[in-house]
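**Q** Here the protein sequences come in this chain order: D and B.
Just add 1 to wherever you are in the first sequence, counting from 1, and you've got the numbering used here.
Just add 636 to wherever you are in the second sequence, counting from 1, and you've got the numbering used here.
Hints listed in this document are in silico derivations from the structure and should not be mistaken for laboratory results.
Nothing here was measured: the structure is a model prediction, and the numbers come from that model.
Careful, some of the hints might be misleading.
As a list, the in silico EDC-like pairs of lysine to aspartate or glutamate whose alpha-carbon atoms are at most 16 angstroms apart [unchecked claim]:
#	chain 1	residue 1	chain 2	residue 2
1	D	LYS6	D	GLU146
2	D	LYS269	D	ASP130
3	D	LYS492	B	GLU682
4	D	LYS492	B	GLU694
5	B	LYS643	D	GLU209
6	D	LYS258	D	ASP130
7	B	LYS661	D	GLU797
8	D	LYS153	D	ASP204
9	B	LYS643	D	ASP901
10	B	LYS640	D	ASP631
11	D	LYS442	D	GLU209
12	D	LYS482	D	GLU783
13	B	LYS646	D	GLU179
14	B	LYS640	D	ASP901
15	D	LYS453	D	ASP499
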Amino acid sequence: MSIDKDKDYGTPASASTELVNLEIDGFKVTVPAGTSVMRAAASIGIDIPKLCATDSIEPFGSCRLCVVQIEGGRGLPASCTTPVFEGMKAVTQNQKLADVRRGVMELYISDHPLDCLTCAANGDCELQDMAGAVGLREVRYKPVETHLGATKDTSNPYFTFDPSKCIVCQRCVRACEETQGTFALTIDGRGFDSKVSPGQNQDFLSSECVSCGACVQACPTATLIENNVIENGQPEHAIITTCAYCGVGCSFRAEMKGEQVIRMVPDKNGQANHGHSCVKGRFAFGYATHKDRITKPMIRASIQDAWKEVSWEEAISYAASEIKRIQAKYGKESVGGLTSSRCTNEEAYLVQKLIRAGFGNNNVDTCARVCHSPTGYGLKQTLGEASGTQNFDSIMKADVIVVMGVNPTDGHPVFGSQMKKRLRQGAKLIVIDPREIDLVKSPHIQADYHLKLRPSTNVAIVNALAHVVVSEGLVDEEFVKARCDMASFNKWRTFVADERHSPEATESITGVPAADIRAAARLYATGGNAAFHYGLGVTEHSQGSTTVIGIANLAMATGNIGRDGVGVNPLRGQNNVQGSCDMGSFPHELPGYRHVADPATHDLFEKAWNATLSTNPGLRIPNMFDAALDGTFMGLYCEGEDIAQSDPDITHVHSALQKMECVIVQDIFLNETAKFAHVFLPGASFLEKTGTFTNAERRISPVRKVMRPLAGYADWEVTQLLSNALGYPMNYSDPSEIMDEIASLIPSFTGVSYSKIDELGSVQWPCNDETPDGTPVMHTKEFLRDDGKGLFMLTEYVPTIEKVTPMYPLILTTGRILAHYNVGAQTRRTGNVAWNPEDLLEIHPHDAQNRGINDGDSVGIKSRAGETVLHAIVTDRVQPGVVYTTFHFPESGANVITTDNSDWATNCPEYKVTAVQITKVTKDSDWQQGYRAFTENQLDLLAQAANV
Amino acid sequence: MSSKIEKLVKMANDISNFFDADPDKTVAAQGVKNHISRSWELRMREAIVDHVKNHNGEGLSPLAKTAVSQITV
C-alpha cells in the first residue's frame, strides 16, 4: 500500500479520434488532435511545470509557468493552452524557459508565507513542488504590501480557506464552475486586490457553496485544505473503495493513516464520478467512528428491559433460539427478515439466502419496497429487466433531458453536476415536478419547460404527453415496428389517443397548461436524443408502477431507448438499492428477478443451496406489520434498515414492532428500530468490510476494507454465524466466494468476479459470455423479455384516494436535501448538521399568510394518520396548496403523518401525497412528546447495558 | 368486515383498477389473477379467496371479484 497519486496530465483528455504526430524534446509522440502540448508531454513522462492547470478542468493559461518553445513559433506559449499540430517540435526545457519560470515563481513566493515546514500541505503542495522544479533559490522582491495577514475562513465544518496562501490560480473557481456547476466562487477585485470569494464576500458556510470539495481538490496549495489534514497531517496510504451514500456510487480513495481515515478523495478513475464528489461522500464519513457506534452485541427479553452486553456467541445463540422458538410456536411462516440496501451485494445475498433456506420461507423484503419497487415492476414488465437502461455518461449524448420527480442536485449530486454540465453545453431541459427544484433555474441553466403539476397526477401527465406523441404523428414507427410487440402497441395507441388523455382534457387534473404539455411532448419526441430521468417523485405514489410503465411506453414509442444519449433512467436512492434488488431481496423473486415458483429457477436454487425452498411468495414489509398485529408474524431479522423511522404511518409500524416477540436488529447505531429490538448485533460500516455495491447504472463497484470492523465482524460474517446457529450451514471464508456463488446462479452475472472488477475497476451487468466487459447501455438490439419485444401497457389515470378536504386542504409531499441522507442516521452524526440541523416545512406565501404563519414559526401538520410539529419556511418553491418537508430527523415525525396508501402493484408507500392541515402552534405534538419520553427511556436502558 | 380483509379488498381493487384499462375483461381478469397469485403471500391469498367464497367478496370491484374467484390456493 502507498499514497501514490494518479498522474495529473495538466489538461483534460481529447475525445478526438484523429491522431497527431509531434516531437517533444526530441521524443516522438502521437496523441489525439486537440490534446495540449502539456498533456502530450505528460503522456511520455515529461512533466512541464504548472500551477494553474490540472486535468480535471479546462486550461486557463494564467500562471505562465508552463511556457514552452515551439519550433517556428513566436514567443513562449503556455503549453496548457497550446494544442498540438502535425509535425510540431516543442522544447520544454532550456535556459530561457528556466529563467522565465524562475522569475514567475519568484513573484509568487514573494507574497506567500514561507512556513513550509509547519504548513498543513507540506508534502502535498504543488507550489512547493514547483519551487523545487524550477530551482528557486532566492526571492529578490521586498513587497511593501502583501496578503500574508489575510484572515482564515473556518466556517465550513470540513475545510479551511486561508487566503494568505492563495496564488489566485483560479483552479478553485473553475472547479466550482466546470466540475460542480454551482458557480459559488468568484474572483473579487482586480489586480493586487484580486481574491477568491465565496458568493458576495460571504464566508463559505453562508455562501452558495455546496461543499462538494471540488475546490479543495483543485487547490495546489494549502489555501483550501481539509481540516482533518490540518489536524492529523498527511495520509500515508490509500485504498480505493465505493461511497456508501446515494445510488451514484462514487469511487473514492480512502486516504489513510494506519486505520484512521484522513480524507476521502474522489477517484479520478471512478467510472461513475470521474473524480467528483458531494459533501456527503467527500466529507461526511465521521459517523463511522462516532461515539454512538455500538460495538458489543446486546440482548434483552423485553423492550422494557435494560440491554445486556453479551458475547457474540451468546447473542447469536439467543437470536437463533428465539427464531426457532417462534417458528415452533407460530409456524414456519411466522418469521422473516429484511436485507439492507446500505450493505454489500454479498451481504444482501446472504440474508435472503438465510431466510429462504434457513428460515424456510420467502418472508424477505428490502427498503426498495418503500422507494423503487415500482421501477422493478414497471421496467421488468415493459422492457424485460428491472433496471435503468443507461450508464451515467450517456447523458453527455442527450439533446433533451427530462427530469421527473427527482432532484438530482440534492439527491444524486455528482450525477446532477454531470447533468448540469450537459445542460450548459446546450441540451434542452423538461422538468416535471410540483416543486421548483434547483435545476429549473440555476447558473447558466433554465428549464425549457417546467410542468409544475399537482402531486398525484403523474399518470395524467405521462398519458397527456403520450397523447400528443400519438395524435400528432410523432411515433417512431420504424423503431416500434422493429422492436416492440405490435399488438400491445396498437392497443396502447388507441388507448392514449382517446380525447380524455389530451393535454386539454387533463389540464384541470394536472394544473399544467395544455400548451406546455404539447410543446414538451414535441420536444421529447423530436428534439434528438431524449433521456428520461426519474426518481421517488414518480414511484412513491398509489400509481407509481403505472407511471414507470407510462415512461417506458413513451420511450419506446418515440424510439428513445436502446442507444447512447436516451433511455429510461431511474435514479436509485441508496448506495446499493439496485444491488439488493438484484440479489433476490423481494419476497416473490429469487436472485436475478426470477419468480420463486418458476420450476427451473426453484430447482436451480434448491440444488445450489442444498435446501428445500418454498414456492409461495413471502410477505412484503407492510404485510409483515399487518401479520404481526394479526399475531401471525412474530420475529424479524432486520439488517441495516430503520423501518421504525423510514416507513409510512409510523404509529402503525411501532405497534407492529411492539407486538413481535423477537426483533433482531443488525446496525451500527441504536437506530429507531433498535429501540423496539430484543437482540442487537453490531454492524460494520462500509469502511470495515469488503464486498461490492451496485449503483443506479448497474455498475458493480468494489468496496474494500480500510479498517478492521469495530465490533469484530463484517455483516456477512454475522449473518453466517446466525445461519450456522440456526442449523443451515454457511462456510464462506471471503466475500469473493459469495460473489462466485452469485455469478454461478444469476445469468446476467456469470462474468462477474472480484478479479474482473479489479481488472476493469467496475463492471455493469449484464456481464456474461455475450458481454464479458459489461453492458453500459441495455436493450440495444432487443429487449430482455422472452420474445425480445418491448411491451406497451395501458396506463389509466386513477385518482388517489388521498384527497384534500376542508379538514385537510393541503397536500404534503416529501423529499431529500443535499446535506442529509435518508433517515439521517449517518449524516446527523457529522458536520453536515451545520447546513441543516432540522427538518423544515416549506409552505407557499399565500397559504402561510392565510394561516398567519411566518418564517420560523412552529406549525402543526395534521393528517388522517397523525400529527407533528415542524418549523416553517415560507417559500414560493412550492405551489399554493402544496407543502413540503424532508424526513431526516426522527423527532420530526414526518412519517407520523404519511398514510398507508400505496402503489397498487408493489405497495410502495404513497409518501408524496398526504392531505394535511397546517396551523400555527406553540408546542410539540403529543406524538413528539411521547417519542421523546420513549427515546429517553430507551437510551437509559442502553446506558445500563454495560452494567447488567 | 375486519380491517385485515378491508386492506386486502382495497389492495385487490387497486390492482383491478390498473388492469381494468384493458377493454377485454377476460384479459383484465387474468391480469389481476396473475398479479395476486404471483405477489401475494399465501395467508393473504387464502383470506381474499375465503372472502369471496364465504362473504360474496363484499367491497370488491366486479373485476377483482371475478379474478379472485379464479384463484386457487
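**Q** Is the Cα-Cα distance between LYS442 (chain D) and GLU209 (chain D) 16 angstroms or less?
**A** holds (14 angstroms)
**Q** Going straight from one Cα to the other, do LYS492 (chain D) and GLU682 (chain B) come out at no more than 16 angstroms?
**A** Judged against 16 angstroms, a Cα distance of about 34 angstroms means the pair is violated.
**Q** Taking 16 angstroms as the top limit, are the C-alpha atoms of LYS153 (chain D) and ASP204 (chain D) close enough?
**A** With Cα atoms ~10 angstroms apart, LYS153 (chain D) and ASP204 (chain D) stay inside 16 angstroms; holds.
**Q** Would you check the hint for LYS492 (chain D) and GLU694 (chain B), treating anything up to 16 angstroms between C-alpha atoms as holding?
**A** violated (32 angstroms)
**Q** Below or equal to 16 angstroms on CA atoms is what counts here, so check LYS269 (chain D) against ASP130 (chain D).
**A** violated (21 angstroms)
**Q** Holds or violated: are the alpha carbons of LYS258 (chain D) and ASP130 (chain D) at most 16 angstroms from each other?
**A** The hint is violated at about 22 angstroms.
**Q** Next pair to validate is LYS640 (chain B) with ASP901 (chain D); report whether the Cα-Cα distance is within 16 angstroms.
**A** Holds - the C-alpha atoms of ASP901 (chain D) and LYS640 (chain B) are around 13 angstroms apart, at most 16 angstroms.
**Q** Given the hint that LYS640 (chain B) pairs with ASP631 (chain D), does the C-alpha gap stay at or below 16 angstroms?
**A** holds (8 angstroms)
**Q** LYS643 (chain B) and ASP901 (chain D) were given as a pair; does the straight-line alpha-carbon distance stay at or below 16 angstroms?
**A** The hint holds at about 10 angstroms.
**Q** Holds or violated: are the alpha carbons of LYS643 (chain B) and GLU209 (chain D) at most 16 angstroms from each other?
**A** violated (47 angstroms)
**Q** Are the Cα positions of LYS646 (chain B) and GLU179 (chain D) separated by 16 angstroms at most?
**A** Answer violated: LYS646 (chain B) to GLU179 (chain D) is near 51 angstroms, above 16 angstroms.
**Q** Hey, LYS661 (chain B) versus GLU797 (chain D), does the alpha-carbon distance stay inside 16 angstroms?
**A** It holds: about 15 angstroms lies between the C-alpha atoms, which stays within 16 angstroms.
Hints 1, 2, 3, 4, 5, 6, 13, 15 from the list above are not met by this structure, while the remaining hints are.
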